[in-house]
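Residues per chain are reported as follows:
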Amino acid sequence: MIRYALTRLALLLLGLFVASVVIFLTLRVLPGDIAQVIAGQNATPEQVTAIRASLGLDAPLPAQYLDWIGGVFRGDLGSSLLTGTPVVTELAEKARVTVPLGILAMTFALLISAPLGVLSALQRGRALGTGLTVGAQTIAAVPVVWAGMMLVVVFAVWLGWLPAQGFPRAGWADPAAALRALLLPALTIGAVEGAMLMRFVRSATLQAIGQDYVRTAAAKGLTRTDALLRHGLPNVGLSVISVLGLQVAGIIVGAVVIEELFSLPGIGRMLVDDVQNRNLPMVQGELLALTGFVLIVGFLVDLLHRSIDPRQREAA
Amino acid sequence: MPRRPLRAAGALLVAGALVLTACTGGSDEPAPTSSAAADPDASVVIRLVLEPGNLDIRQTAGAALDQILIDNVYQGLVARTADQEIVPSLASDYEVSEDGLTYTFELREGVTFHDGQELTPDDVVWSLETRRDTPEWRDSSRLANVESITADGQTITLTLSEPDSTLLWNLTGRAGIVLKEGDEVDYQTDANGTGPFVLDDWLQGDSITFVRNETYWGEPAGVAEVVFDYIPDNQAALNAALAGEVDVLTGFDATLGDQVEEGGDFELVLGESTDKGTLAFNQTEDSPLADQRVRQAIRQAIDHEAFIEAAQSGQTLYGPIPSLDPGHEDLSDVAPYEPEAARELLAEADAEDLELTLTIPNFYPTTIPQILVSNLNEVGITLEVESVDFPTWLNDVYTNKDYELSFVLHTEAHDFENWANPDYYFTYDNPEVQDLYAQSVAATDPAEAEALLAEAARIVSEDAAADWLYNGASVLAVGTNISNMPSTNVNERLGLAEITKSDG
Numbered sequence: 001m002i003r004y005a006l007t008r009l010a011l012l013l014l015g016l017f018v019a020s021v022v023i024f025l026t027l028r029v030l031p032g033d034i035a036q037v038i039a040g041q042n043a044t045p046e047q048v049t050a051i052r053a054s055l056g057l058d059a060p061l062p063a064q065y066l067d068w069i070g071g072v073f074r075g076d077l078g079s080s081l082l083t084g085t086p087v088v089t090e091l092a093e094k095a096r097v098t099v100p101l102g103i104l105a106m107t108f109a110l111l112i113s114a115p116l117g118v119l120s121a122l123q124r125g126r127a128l129g130t131g132l133t134v135g136a137q138t139i140a141a142v143p144v145v146w147a148g149m150m151l152v153v154v155f156a157v158w159l160g161w162l163p164a165q166g167f168p169r170a171g172w173a174d175p176a177a178a179l180r181a182l183l184l185p186a187l188t189i190g191a192v193e194g195a196m197l198m199r200f201v202r203s204a205t206l207q208a209i210g211q212d213y214v215r216t217a218a219a220k221g222l223t224r225t226d227a228l229l230r231h232g233l234p235n236v237g238l239s240v241i242s243v244l245g246l247q248v249a250g251i252i253v254g255a256v257v258i259e260e261l262f263s264l265p266g267i268g269r270m271l272v273d274d275v276q277n278r279n280l281p282m283v284q285g286e287l288l289a290l291t292g293f294v295l296i297v298g299f300l301v302d303l304l305h306r307s308i309d310p311r312q313r314e315a316a
Numbered sequence: 001m002p003r004r005p006l007r008a009a010g011a012l013l014v015a016g017a018l019v020l021t022a023c024t025g026g027s028d029e030p031a032p033t034s035s036a037a038a039d040p041d042a043s044v045v046i047r048l049v050l051e052p053g054n055l056d057i058r059q060t061a062g063a064a065l066d067q068i069l070i071d072n073v074y075q076g077l078v079a080r081t082a083d084q085e086i087v088p089s090l091a092s093d094y095e096v097s098e099d100g101l102t103y104t105f106e107l108r109e110g111v112t113f114h115d116g117q118e119l120t121p122d123d124v125v126w127s128l129e130t131r132r133d134t135p136e137w138r139d140s141s142r143l144a145n146v147e148s149i150t151a152d153g154q155t156i157t158l159t160l161s162e163p164d165s166t167l168l169w170n171l172t173g174r175a176g177i178v179l180k181e182g183d184e185v186d187y188q189t190d191a192n193g194t195g196p197f198v199l200d201d202w203l204q205g206d207s208i209t210f211v212r213n214e215t216y217w218g219e220p221a222g223v224a225e226v227v228f229d230y231i232p233d234n235q236a237a238l239n240a241a242l243a244g245e246v247d248v249l250t251g252f253d254a255t256l257g258d259q260v261e262e263g264g265d266f267e268l269v270l271g272e273s274t275d276k277g278t279l280a281f282n283q284t285e286d287s288p289l290a291d292q293r294v295r296q297a298i299r300q301a302i303d304h305e306a307f308i309e310a311a312q313s314g315q316t317l318y319g320p321i322p323s324l325d326p327g328h329e330d331l332s333d334v335a336p337y338e339p340e341a342a343r344e345l346l347a348e349a350d351a352e353d354l355e356l357t358l359t360i361p362n363f364y365p366t367t368i369p370q371i372l373v374s375n376l377n378e379v380g381i382t383l384e385v386e387s388v389d390f391p392t393w394l395n396d397v398y399t400n401k402d403y404e405l406s407f408v409l410h411t412e413a414h415d416f417e418n419w420a421n422p423d424y425y426f427t428y429d430n431p432e433v434q435d436l437y438a439q440s441v442a443a444t445d446p447a448e449a450e451a452l453l454a455e456a457a458r459i460v461s462e463d464a465a466a467d468w469l470y471n472g473a474s475v476l477a478v479g480t481n482i483s484n485m486p487s488t489n490v491n492e493r494l495g496l497a498e499i500t501k502s503d504g
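Taken in order, these protein sequences are the chains called A and B.
When the count follows our numbering, it moves up by one through the first sequence with no breaks and lands on 316 for the last residue.
When the count follows our numbering, it moves up by one through the second sequence with no breaks and lands on 504 for the last residue.
Hints were generated in silico from the structure; no laboratory data involved.
Simulated coverage check for chain A against chain B, where a stretch passes if three residues somewhere in it have a Cβ under 8 Å from a Cβ of chain B: (1) 48-59; (2) 150-157; (3) 163-170; (4) 274-287.
Where is the CB? At the ideal position from N, CA and C, for every residue including glycine.
Start from the sequences, fold in the hints, and give me the full structure.
Quick look at the structure:
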C-alpha cells in the first residue's frame with residue numbers, strides 16, 4: 001500500500017511539473033499582452049513599451065518561467081500585474097464562493113443521481129424506468145446556461161424566493177444570504193452533472209444486478225432488491241467514487257460558466273477576467289492550483305478506492 | 001414483490017431545501033412608487049457591463065474607469081456636464097486669454113481629499129506637470145502644448161506654447177485630474193479624490209461601492225450609497241432587474257425593452273452617445289482596400305439602417321464625428337445605400353469576387369457581422385469573420401495593423417485626432433486632413449475650430465477612410481423610483497451626484 005502510494009505521489013508530482021510547463025507555454029502563445037490592455041486604444045507604441053518594461057515583461061521566457069516556478073517552490077504562486085494582490089490571497093478569497101458552490105453542486109448531483117439511478121435500474125423496462133432514463137438523457141443534453149436561465153426565471157423572477165444573481169457583499173458574514181445566493185447556481189450545475197451521473201449509476205447498478213453474488217443472494221431467499229442493496233450497492237458505490245473524482249473537473253468547468261451567468265465573484269469568473277486582461281501571472285497561478293487540486297483529488301480517490309476494494313489490495 | 005421505499009428522495013430533498021430557504025430568508029420588498037419623496041439614505045444599485053481590471057486612473061486605459069471614477073471620485077479644474085458643456089469644477093472660475101495662450105483658473109478654497117488632506121494649489125501644479133511629463137500616464141500627450149503651470153495664491157496659470165482649442169475639453173478628462181502630491185494611496189485598488197463620492201469597497205468580480213462624501217465642497221450627493229454591480233450578460237441583467245435586485249441597467253439591449261418595462265417598475269431610456277461603430281479599412285499599399293473605389297463600394301453596399309433596426313436603438317452615422325461632438329454634420333449623401341453602384345465601382349476597380357476578412361472582438365452582438373456578411377455578399381464580396389478576444393484585437397489589429405477589415409466601437413468623445421494620425425491603426429494618411437486638424441486645434445475661435453473639423457470630417461468620409469456602421473445610443477432601463485439618472489453618453493461618464501431614489 002505504501003509503495004503504491006509513493007508511486008502515485010511521484011506520478012502526481014511529475015504531472016504537476018508537466019502541467020506547469022504546458023500552462024506557462026500555452027499562455028505565452030496567446031496573442032496580445034497586459035501592457036497593451038493597460039495602454040488601450042489610444043496608446044503610442046512607446047507607451048506600451050514603457051509599461052511592458054515596468055511590469056518586467058521584457059525578460060526572456062526561460063527566465064520568466066524559472067522565476068515563476070522558483071516562487072512556486074517557495075509557496076509564492078505570483079501576483080496580479082493589475083492590483084499587486086498575490087495569487088494565493090486572491091484564490092483563497094474566491095474559493096469562499098467556488099468551493100461551497102462545488103460542494104453544493106456535488107451534493108445536489110449525488111442526491112439526484114444516486115436514488116434515481118438505482119431506481120431507474122430496478123424499474124428497467126417499466127414505464128417509470130424508461131421515463132427516468134429519457135428524462136436524464138434530456139437534462140444531460142441541456143446547455144448549462146439555458147438550465148440556469150430557466151431556474152432563475154422560475155425561482156427568482158416568478159416566485160421571488162432566491163436571488164437572480166450576485167453574492168452578498170458581506171459574504172459569509174451573512175451565511176443565510178450567502179447560501180441563498182449559491183442555491184440556484186449549485187442546483188444548475190448539480191442537475192446537469194447529476195443527470196450524467198445518474199446514467200452512470202444506472203448502468204453500474206444494472207451490471208451489479210447481473211453479478212453472480214447478487215443472483216446467489218437472491219437464490220438464498222433475499223428479494224432481488226434486497227440482494228442488490230446489501231451486496232450490489234457497495235460495488236456500485238466504488239465505481240461512483242471513481243467517477244466523482246472525474247466530476248470534480250466537470251464542476252470546475254461548470255463553475256466558469258455559471259459564475260459568469262450568475263455574476264458570482266468566484267474562481268471561474270476570476271479566471272475568465274484574468275485571461276481577458278492577459279494577467280498571465282494570475283492565470284498561470286490559478287490554473288496550476290486548479291490542476292493541482294484535480295490531480296490531488298484523483299490521487300486520493302485512487303488511494304480510497306484501493307483501501308475499500310479488497311480485490312485491488314490482493315492483486316498488488 | 002415488495003418494493004423498498006427507494007423513492008426519489010433526492011429530488012424531494014432538493015425541492016425541500018428550496019422551499020425552506022424561501023421561507024426563512026425571502027424578502028418582500030414593497031413595489032416602488034414614483035410619488036414618494038427622495039430618500040437621502042437610499043442606496044442605488046446600478047448595473048454596469050465591464051468591470052475595470054484595476055482602479056489606476058493615472059495609467060490604466062478604458063472607459064470602464066472614466067465612467068465611474070471621473071466626476072464622482074476624482075475631479076479636475078473643469079468638468080463636463082451630461083450635455084457635454086464645459087463647466088468649472090475645482091476651479092470656481094476660469095478665463096482664456098484672447099490669444100489662446102494663457103489659461104487662468106481660480107482654485108476653490110477649503111477643498112479636502114477623501115482622506116482629509118487639504119487640496120493645495122501645489123497639488124494642481126504637480127498633478128498637471130506629472131501628467132504631462134510621464135508618458136506611461138494616460139492622455140499625457142494631451143498636455144503637450146502646456147509650457148508652464150504656475151500657482152500664485154489660489155490662481156493657477158497655464159501658459160501654452162501655441163493655442164490649443166482642445167485643451168479645456170482635455171482638462172475635463174484624464175489629463176486634468178487633480179491628485180494629492182505624494183499621496184500614498186494604492187491607486188490600483190483604492191482611490192483618493194475630491195469628488196462627491198468616496199470609494200468604499202471593491203469586491204473584485206462582483207461590485208464597486210461608493211458612499212456619499214459627507215465633507216464635500218459642493219452640493220452633497222443625493223443618495224448615501226451607489227453600488228455598481230457588474231453583470232456582463234444582458235439576459236441576466238434583465239432577470240436581476242425583474243427580481244428587484246438592481247435599480248438601473250446601463251449598457252442594456254433595447255430589444256429587451258418590452259420585457260423590462262412589463263412590470264411597470266422600469267422605463268427604457270435611450271440617450272445620445274459618442275459610440276461610433278467603426279468599420280476600419282486597412283488601406284496600406286498592398287491591401288485590396290488601398291483603392292478608394294473598393295472602400296467606397298463597401299460603404300455603399302452596406303444597409304446602415306439594418307444595424308439600427310437590429311439594435312432598436314442608435315442612429316446612422318456617415319462620417320467620423322457623431323452628433324454630440326463639435327464638427328458633426330449629416331454626411332449621408334457621401335455614401336448612400338446603393339448595391340448597384342457598389343457593384344459598378346468594384347467592376348471599375350477590377351475587384352470582383354473579392355475575399356476579405358473581418359476581425360471583430362467577440363463581445364459585440366453577432367448581428368453586426370451577420371449583416372455585413374450578407375450585405376457584402378450581395379455585391380460579390382466574400383467576407384470571412386474572425387472573432388477574437390480583445391487583447392488579440394489589440395495585438396493584431398491595433399498594434400501590428402495586421403488586418404483587412406476591423407470592427408470596434410470607438411466610444412471616446414472628441415477623438416477626431418485619430419484620423420489625423422497616420423500611425424493610428426486606421427492607416428489613413430491624408431496631409432490635407434492633418435493640416436485642417438492642426439488648424440482647428442490652433443484656432444482661438446471655437447466656431448472656427450468647429451468649421452475646420454467639419455471640413456476635415458467630410459474629406460475623411462469622402463475618402464472612404466472607414467465606414468461608420470452606426471452611432472450607438474446609451475441604452476438604459478431606469479427604475480421608476482429613480483430621478484436624475486444621466487442618460488447621455490453614460491459609457492464614457494456617469495456622474496451620479498444628483499441621482500435620487502424615493503423610498504416608495
